[in-house]
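Generate the whole structure from the sequences, applying the supplied hints.
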Amino acid sequence: MSQKESSIPSEKITAYVDNELVEVERDEIEARIGNDPKLKEICEAQKQVKKLVKECVLLEKAPVHLRARIRRSLDQAQIVPGFLNLISDIFRYHAVKGLATTCTILVLVALPWFPAENLTPSSDDVIAVKLQVIEGKLICVDCEQLHSEHINSVKHSDFHRAGLKTSDGTIWQFLDYGKGSELIHDFSRLNATMHVEGKLINGDHTLNVQSYQKI
Amino acid sequence: MIWGNRNEQELKRHFEEIAYQYMDILYGTALKMTKDPVEAEDLVQDTYLRAYRFFNKFEEGTNFKAWIFKILTNTFINKYRKKAKQPHQVDFDKVEFLYADDQKENSPDNVRNLDNDIYQKLFDDKINDALDKLSDEFRMVVLLCDVHGFAYKEISEIASIPIGTVMSRLSRGRKQLQGLLLEYAEQEGFIKKRSSN
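Protein chains in written order, with my numbering: chain V, 1 to 215; chain L, 1 to 197.
Simulated from the structure, these hints should not be mistaken for laboratory data.
These numbers were taken from a predicted model, which means no experiment stands behind them.
All C-beta atoms, glycine included, are put in the ideal place defined by N, C-alpha and C.
Each hint should be verified, as a subset may be incorrect.
Stated by the list, open to error - The following label-pair restraints were derived from C-beta to C-beta distances:
#, chain 1, residue 1, chain 2, residue 2, range
1, L, Glu-60, V, Leu-106, 31 to 41 Å
2, V, Val-24, L, Arg-13, 42 to 52 Å
3, L, Ser-160, V, Ile-105, 20 to 30 Å
4, L, Tyr-20, V, Cys-103, 31 to 41 Å
5, V, Ile-171, L, Arg-13, 31 to 41 Å
6, V, Thr-104, L, Thr-165, 41 to 51 Å
Printed below as a string of structure tokens:
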């Protein structure tokens with residue numbers, strides 16, 4: 001058996017067994033099976049396991065009293081219209097999450113009513129530790145994340161969101177405000193090496209950019 | 001949306017008509033997940049209750065079975081999983097030999113190990129035991145695919161995981177099952193015990 005023949009990922013073999021491959025890929029596997037007895041054997045074994053599970057796994061029937069029990073509980077239940085239904089359900093199982101969700105929704109609803117100037121950070125809003133100068137390459141934060149997770153085939157969108165990647169691999173994001181907005185949204189600078197000066201925000205690898213310079 | 005011009009009573013009747021036919025398979029699946037009859041009943045009851053309360057979200061004409069299975073799965077993950085018993089974890093080293101290097105895969109012993117007839121000699125309870133020994137994540141996708149016949153896309157939606165994860169869990173779950181079944185076959189004497197190296 002050649003190396004190439006044995007290199008079919010097991011997930012693909014599983015998808016073949018489940019008839020989930022597109023026609024071209026299925027034909028490709030079938031062609032390989034014809035020349036590779038071991039691959040054929042692996043497929044057959046998986047088909048056999050699938051068949052056994054289907055035929056032999058016993059699902060017990062519901063006890064007779066369960067239907068009556070469920071009917072009683074439904075008699076006390078009501079279909080609550082959408083939004084309230086969701087909130088009450090979250091509260092039922094996760095009180096803290098429910099509270100957090102409700103607060104978030106209220107904030108999101110209230111946000112548009114505030115004047116725009118209130119949303120821009122003043123120097124008091126930013127918990128600045130000190131002014132830092134960081135050197136690195138301007139990259140798209142989303143592209144970089146997908147790349148690091150080896151999801152290269154997924155296209156996140158046609159737009160990029162710039163951040164700064166330092167030589168040790170740390171990725172800094174910018175506050176979307178003032179000079180930071182210029183860096184985030186001007187894709188022409190992507191891949192350029194930059195000096196960016198700014199204030200640290202909450203120690204969270206986010207900078208409130210004061211100035212920047214291409215090296 | 002399913003409301004239409006129906007009043008609550010008609011809606012309840014409609015829900016019961018659609019939903020009750022799945023009670024046996026929901027209970028059977030719940031029992032496989034929780035491994036406890038009392039918890040399985042609670043899980044199914046909670047599933048029906050949630051399904052009913054959210055029934056206005058169900059779009060008529062779409063797959064109700066997949067929809068109620070999603071609720072069952074979510075309810076299990078949210079409420080029951082933390083207190084569920086930890087399943088016996090399979091020693092992966094013992095099953096990986098099936099997919100080991102080419103030389104080992106081609107050895108006559110392993111070729112014989114994969115003989116389909118061996119599986120047919122195993123009893124149903126051994127196969128159920130093997131399934132019970134899988135981790136929750138693997139058992140769930142194997143049940144959804146092999147027992148209930150859901151397509152990958154449906155499983156992805158039911159279990160709220162990407163299709164790639166469905167494939168990976170199925171692949172690994174079946175490998176573990178295969179390894180466990182071979183162990184049983186060895187214990188029953190249907191095949192010769194593997195050498196320790």
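Query raised in the report: Honestly, which of those hints from before does the structure not fit?
Result: Those not satisfied are hints 5 and 6.
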